[in-house]
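Novice: Protein chains in written order, with this note's numbering: chain A, 811 to 1044; chain B, 811 to 1044.
The hints are simulated quantities; they were obtained by calculation from the structure and are not laboratory data.
Please read these numbers as outputs of a predicted model, since none were measured by experiment.
Some clues are possibly wrong.
[What the hints assert, rightly or not] DEER-style ranges, computed between Cβ atoms:
| hint | chain 1 | residue 1 | chain 2 | residue 2 | range |
| --- | --- | --- | --- | --- | --- |
| 1 | A | Pro974 | B | Pro940 | 54 to 64 Å |
| 2 | B | Arg1004 | A | Glu930 | 28 to 38 Å |
| 3 | A | Glu976 | B | Gln832 | 40 to 50 Å |
| 4 | A | Ala828 | B | Arg1004 | 25 to 35 Å |
| 5 | B | Asp836 | A | Asp840 | 14 to 24 Å |
| 6 | B | Ala927 | A | Asp826 | 39 to 49 Å |
| 7 | B | Gln832 | A | Val884 | 24 to 34 Å |
| 8 | B | Glu893 | A | Ala1020 | 31 to 41 Å |
| 9 | B | Ala954 | A | Arg944 | 30 to 40 Å |
| 10 | A | Asp840 | B | Val884 | 15 to 25 Å |
[Claimed, not checked] Reference listing, derived: stretches of chain A covered by chain B, where coverage requires no fewer than 3 residues with Cβ under 8 Å from a Cβ of chain B:
| hint | stretch |
| --- | --- |
| 11 | 848 to 862 |
| 12 | 875 to 884 |
| 13 | 958 to 971 |
| 14 | 998 to 1008 |
[Stated by the list, open to error] Computed, partial: chain A to chain B, Cβ under 7 Å:
| hint | residue |
| --- | --- |
| 15 | Asp840 |
| 16 | Arg842 |
| 17 | Arg845 |
| 18 | Thr869 |
| 19 | Trp986 |
| 20 | His989 |
| 21 | Gly990 |
| 22 | Thr993 |
| 23 | Ser1011 |
Cβ coordinates follow ideal geometry from the N, Cα and C atoms, glycine included.
Here are the chains, one letter per residue:
Number of protein chains: 2
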Amino acid sequence: MEQPVIVFDVNETLSDLAPLAQRFADVGADPRTARIWFGEVLRDGFALTLAGTPVPFATLAAERARALLAGSDVDGGVEHVLEGLRGLAVHRDVVPGIAALSGAGFRLVTLTNGATATAERLLGDAGVLPAFERLLSVEETDAAGAWKPSPAAYRSAEHALGLPPERLLLVAVHPWDVHGAATAGWRTAWLDRRSEPYPVSMRQPDLRAAGLVGLAEQLTAGPPPGSGDQPAGA
Amino acid sequence: MEQPVIVFDVNETLSDLAPLAQRFADVGADPRTARIWFGEVLRDGFALTLAGTPVPFATLAAERARALLAGSDVDGGVEHVLEGLRGLAVHRDVVPGIAALSGAGFRLVTLTNGATATAERLLGDAGVLPAFERLLSVEETDAAGAWKPSPAAYRSAEHALGLPPERLLLVAVHPWDVHGAATAGWRTAWLDRRSEPYPVSMRQPDLRAAGLVGLAEQLTAGPPPGSGDQPAGA
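Bound conformation, chain A alone (with noise of 0.2 Å):
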């Protein structure tokens, strides 16, 4: 079987948004609201998509961090949360992770529900930008916007790439985006950051690592996921 083309999420998957509480902090908010905002800037996006009628990642992440202020009387206290979100680096395990799967042959992308700036910035503040192939934003392709997890998120990045769903590997620290991939036929890889439980409710992963290191081991030490040999949920 063919290596999988890996496809990686963007926000909180490659970027690390703790800095975002001392952010909130910073403007006078508990710092547990950067854990709330992010929550809401996801419903508010699904919600938008589910109406059909969905919105950019930027607007919303400002349109929740102006109402989750709007107690607050700091002057330019939304700009500077929206400053430290265009600043965020990438996890510590990102670079070397990258270098790893880059090394072993692997084709990298990304596919984000921000924007395609973003993942670009970030990448190349990290130096890794040349090993990736492409940067997907839902923003940008067929999918009209359609936030994942849509089907037609996942659909537009299999025509983007000319692969079928088979070929492509999710990597994502987000349960809603291995469910969404898994559901589209995709290959799937959990990072669990948080070590909080997998939900049952959503499709497991194939793989789980704590980090892209750990992923980049699995994914080189044997045959490739779904070839047979490979445990599942290791």
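Dock chain B against chain A, hints included.
Specialist: Same frame as chain A, now just chain B:
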């Protein structure tokens, strides 16, 4: 123009979720975890609907509580939170607001992403259940479990009631629900319980009120909304 049939959302629109913050605090979590929990329940419910594989609200409510309390060592913590969820009461404006609307001859209905039994218990405890003509849930209509704001959820209520969209007025605290109903062709009223700005990325409500008493005053004071004489967004 005929009076609209008023369709109420249930969770957070009629029920007051505020006691859940204390429930999380009781088991050692930050009280703001309650808002994280509700946002992520909706996030996952919408995601699973988007993927074409919706699951019941109660399943995700339990699953997200387990995830958020995964680091807690309080025995029975998840059950303590879920018991709080099952015992919620209505907001204080609900009983007088429903009485005013029912007294003015409006037909009243609920449409929830949760279970019908939850709405029945909530409204029964508050003593307003007899004012409601029907209690609808996306779990028990031809929505086949698809959560609002999926168009299928609003269509299923139209089918169950045998009414066209323009005869229905959604009342909800959640902008995503107002947006979904407006996109489906319903009239809408937004309950602004949190004093957060209404999202610019979503369809604006026809009516706004701080609670059901104020909404009842608007609906009974003049001609019905949409007749051309009622100020929208007042």
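Novice: Hints first: check each against the structure and report whether it holds.
Specialist: Hint-by-hint comparison with the structure:
1. A beta carbon spacing of about 57 Å between Pro974 of chain A and Pro940 of chain B agrees with the range 54 to 64 Å that was offered as a hint.
2. Taken as a hint, the range 28 to 38 Å holds for the pair Arg1004 of chain B and Glu930 of chain A, whose Cβ atoms sit roughly 36 Å apart.
3. In this structure the hint that Glu976 of chain A and Gln832 of chain B lie 40 to 50 Å apart at CB holds, the actual value being about 49 Å.
4. Between Ala828 of chain A and Arg1004 of chain B the beta carbon distance is about 27 Å. The supplied range of 25 to 35 Å therefore holds.
5. Hint check: Asp836 of chain B to Asp840 of chain A, Cβ distance near 19 Å, so the stated range 14 to 24 Å holds.
6. Under the hint 39 to 49 Å, the C-beta atoms of Ala927 of chain B and Asp826 of chain A, about 42 Å apart, fit the expected range.
7. The hinted range of 24 to 34 Å is satisfied by Gln832 of chain B and Val884 of chain A, whose Cβ atoms lie roughly 28 Å apart.
8. At roughly 34 Å, the beta-carbon separation of Glu893 of chain B and Ala1020 of chain A lies within the given 31 to 41 Å, and the hint holds.
9. Against the hinted window of 30 to 40 Å, the Cβ-Cβ separation of Ala954 of chain B and Arg944 of chain A comes to about 36 Å, which satisfies the hint.
10. Between Asp840 of chain A and Val884 of chain B the beta carbons are some 21 Å apart, a value that agrees with the proposed interval 15 to 25 Å.
11. Note: the stretch 848 to 862 of chain A has 12 residues with beta-carbon separation from chain B under 8 Å; the three-residue rule is met and the coverage holds.
12. Coverage of the stretch 875 to 884 of chain A by chain B holds [criterion: at least 3 residues with CB-CB distance below 8 Å; count 5].
13. Counting residues of the stretch 958 to 971 of chain A whose beta-carbon sits less than 8 Å from any beta-carbon of chain B gives 3, enough to reach three: the coverage restraint holds.
14. For the stretch 998 to 1008 of chain A, the assignment as covered by chain B holds, since 3 residues bring a beta-carbon within under 8 Å of that chain's beta-carbons and 3 suffice.
15. For Asp840 of chain A, the shortest C-beta to C-beta distance to chain B is roughly 6 Å, which falls under 7 Å, so the interface hint holds.
16. Because the smallest distance between the Cβ of Arg842 of chain A and any Cβ of chain B comes to about 5 Å, under 7 Å, the interface hint for this residue holds.
17. Of the supplied interface hints, the one on Arg845 of chain A holds, with its beta-carbon coming within about 5 Å of a beta-carbon of chain B, less than 7 Å.
18. Interface hint status for Thr869 of chain A: upheld, as the beta-carbon distance to the closest one in chain B is roughly 5 Å, under 7 Å.
19. Contact between Trp986 of chain A and chain B, as hinted, is supported at the beta carbon level, the nearest pair being about 4 Å apart and thus within 7 Å.
20. With a least beta-carbon distance of about 6 Å to chain B, the hint placing His989 of chain A at the interface is held under the 7 Å criterion.
21. Interface restraint check for Gly990 of chain A: the shortest CB-CB distance to chain B comes to about 5 Å, inside 7 Å, so the restraint holds.
22. At its closest, the beta carbon of Thr993 of chain A sits 5 Å from a beta carbon of chain B; the interface hint therefore holds under the 7 Å criterion.
23. Restraint check, Ser1011 of chain A versus chain B: the minimum CB separation of about 5 Å is within 7 Å; hint holds.
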